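As a plain string of letters, each chain reads:
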Amino acid sequence: MALGMAGRTSPRVDRASAFDVSTTRFVLPRWVFAVLLVLAAIGVLWAIFGKPILQATIQGLVVGSIYVLGASGLSLTYGIKKFANFAHGDMMTVGAYAAFTINVIVGQNIVLGFVFAAITVALVGVFLELAIFRRLETRGPVSALIASVGVSLVLQNAVSAIFKTNVLYLNVNPPQDFAIGATGLSFNAVKGGVTLAVSVALILFLHFMLKYTTLGKAMRACADNLDLARTSGINPRNVILWTWIISGSFAAVAGVLLAVIVNVYPLLGFFVLLFIFAAVIIGGIGSPYGAMIGGLIIGVVQKLSNVVFGALQGRILEGGSEYEPVGAFVVMILVLLFMPEGIMGVRRHSIGGRLTALLVRHRQIEVKEPG
Amino acid sequence: MVLQLAGFVVPATILVILSLGLNLQWGHTGLFNAGVAAFVGVGAYSFGMLSTGKFASPGVGWYHWGPDQPWHIVYAALAAMVLAGALGVLIAIPTLRLRADYLAIATLALAEIVRLVFKNERHFTGGDQNLSFIPRPFQSLVPSGPYLDGVFMLVCVAALLGAFLVLEYVTRSPWGRNLRAVREDEEATMALGKDAFTLKLTSFGIGCAIMGLAGALLASFNQVIVPDQFAPAATFSAYVVVILGGSGNNRGVILGGYLFYLFSWTTQQVKGYVPSDVNLRLDYLNQIIVGVLLIVFILFRPEGVLPEKKYLPAAMR
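So the sequence lines, in the order shown, correspond to chains A and B.
Every letter in the first sequence is one number past the one before it in this note's numbering, and letter 30, counting from 1, is 30.
Every letter in the second sequence is one number past the one before it in this note's numbering, and letter 260, counting from 1, is 260.
Because the hints were derived from the structure by calculation, they are not lab data.
Misleading hints may appear alongside valid ones.
Straight-line Cα separation of at most 20 angstroms, DMTMM-like style, residue types lysine to aspartate or glutamate; simulated pairs [what the hints assert, rightly or not]:
hint: 1; chain 1: B; residue 1: K309; chain 2: B; residue 2: D185
hint: 2; chain 1: A; residue 1: K82; chain 2: B; residue 2: D185
hint: 3; chain 1: B; residue 1: K119; chain 2: A; residue 2: E318
hint: 4; chain 1: B; residue 1: K54; chain 2: A; residue 2: E318
Quick partial rundown of chain B residues pointing at chain A, CB under 10 angstroms, derived from the structure [claimed, not checked]:
hint: 5; residue: K54
hint: 6; residue: S57
hint: 7; residue: W62
hint: 8; residue: L108
hint: 9; residue: I113
hint: 10; residue: E121
hint: 11; residue: F124
hint: 12; residue: N286
hint: 13; residue: I288
hint: 14; residue: V290
hint: 15; residue: L294
hint: 16; residue: L299
hint: 17; residue: R301
hint: 18; residue: V305
Quick caveat: nothing in here was measured; it's all calculated off a predicted structure.
Built from N, CA and C at the ideal position, the CB exists for glycine as well.
Use the sequences and the hints to build the structure in full.
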């Protein structure tokens with residue numbers, strides 16, 4: 001069977017092959033399709049726009065790897081606490097300012113800044129859980145969401161009140177971009193290389209932790225079914241606190257990495273929050289692995305749309321590359337429309353099943369009057 | 001005196017009107033709309049463009065799109081409501097079937113896209129150059145200054161009264177009861193034969209139209225619109241109003257709106273009397289208090305100052 005056909009998981013194919021036991025069908029996972037789709041899009045755009053697309057892809061991978069860190073942390077808390085944490089972006093901001101304090105005000109190495117930021121934001125996460133979110137556990141997802149909006153306002157403005165709103169810079173001196181061979185593309189060893197290395201290392205750490213340690217297994221169990229986890233002897237309270245610690249320190253590292261690439265300002269995290277949400281939704285809510293794929297896709301799509309919208313400037317759109325975020329949001333809305341469970345999420349209905357459900361719901365049922 | 005009074009009453013009333021729209025969506029139907037700023041913005045911009053008409057001053061690079069002949073102010077306001085409501089329906093159709101937090105994220109993204117369009121499409125909306133010379137009602141009849149402000153205050157209060165009466169009527173109607181049924185238990189409502197999707201869609205659309213009206217009033221009062229006025233963060237003060245006042249209770253929302261505006265107005269007044277260093281930080285302190293209020297109310301009094309009344313229809317009493 002052709003490779004392209006093999007990936008279809010429509011129920012009709014399943015039923016047809018159910019009688020045909022001898023053929024084992026190899027089904028490609030959906031994330032492979034998502035990656036192939038993005039690669040195809042890059043290829044087509046490369047043919048149209050040329051070299052800027054490849055440069056944009058590199059930038060997109062770098063920014064995307066930061067989104068991956070933010071999104072996998074957000075996805076962990078989303079999976080266990082079952083609410084969208086609107087303060088996650090501002091936790092990144094707090095991390096960036098914590099690193100700024102150590103790096104510039106105290107004058108220490110940036111590595112110490114990373115460590116201090118991770119510890120600070122992990123503590124902020126634990127405090128938020130103990131003071132606010134634990135009390136809202138029984139009240140459904142939207143109460144906690146509103147509380148997290150309040151937390152976001154407090155964190156964002158506390159940072160503004162302490163450090164004022166000036167744009168600040170970390171004391172990091174990245175070297176000049178170097179050219180990759182004779183391709184005309186360039187890459188920055190610190191802004192690009194270190195960022196990619198740090199996020200790959202942290203993602204590997206997260207993967208091995210989730211897969212092999214007791215804590216990681218307990219976290220997955222709690223995300224899957226809290227009551228069942230409790231009955232099998234897991235103490236969800238501790239697991240939730242550890243989740244906040246990991247998610248918070250990942251957010252802090254993402255914030256500092258972003259601050260190295262851009263700069264430090266109070267809305268740093270709030271502006272990337274939507275990209276992180278988009279990454280989480282594309283990957284499938286509550287799945288850290290999905291968040292990893294989603295983050296990279298969103299980063300690449302964002303930078304590609306920078307080039308595409310930039311080319312449209314003066315013809316159709318006046319804003320040009322100002323519309324950089326729009327591409328990422330459009331991808332998110334398309335995923336919400338056609339695959340709301342995300343790339344790695346659990347597929348609840350097949351598309352056919354959903355259509356049937358719709359038809360059944362809108363069918364008028366005639367009720368005969370008695371007598 | 002009239003000037004100062006109008007300076008307080010008009011913005012407060014506009015905040016109350018848009019919070020009433022949000023209360024229909026969030027308080028009565030349980031739909032979390034995180035893009036209030038976008039719908040207010042669409043109302044403001046469509047009112048501004050339609051009522052001022054096409055404008056071009058190439059010398060200073062100032063333009064915006066509009067009809068050749070400016071529309072009458074009432075028609076422009078109606079069009080603002082219709083357009084804001086239509087945008088709401090458009091974004092709601094794909095997202096209402098999904099979980100509550102998906103709607104929140106999708107509307108937040110929409111708000112950001114809308115703000116980018118306002119800011120960048122200079123030939124269409126005026127962009128960074130702002131959209132100005134927006135007319136006020138009764139401009140030709142009343143001399144400008146305190147009298148016009150006073151008249152505008154009356155127009156605002158009348159709009160609030162109208163919106164309040166309409167909302168009070170519809171939320172007590174069978175339709176309003178169905179909305180609350182959807183909020184409490186969507187599956188059970190559907191099992192009783194109600195079309196939950198259509199109920200949510202109409203509620204969302206009407207709420208957005210009311211936000212559009214608030215936007216039109218805002219544009220007309222300030223006579224100039226700035227794109228950054230409609231930043232996504234502006235949405236959350238409406239949430240504070242609804243939760244503070246009592247979600248699901250229109251009277252509570254009115255009370256909450258005026259209380260909340262009194263609070264932010266007071267911090268603005270205090271700013272005149274403190275040294276400039278503190279002055280700068282007072283805005284942030286204001287926002288911190290807003291955030292703390294939101295958290296404290298959600299934790300300890302989620303029903304707000306005036307809780308929603310549980311009333312039964314007359315036949316069941």
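Task: Enumerated hints in conflict with the structure, sorted upward - done: Numbers 5, 6, 7, 17, 18 - these are the hints that the structure violates, sorted from lowest upward.
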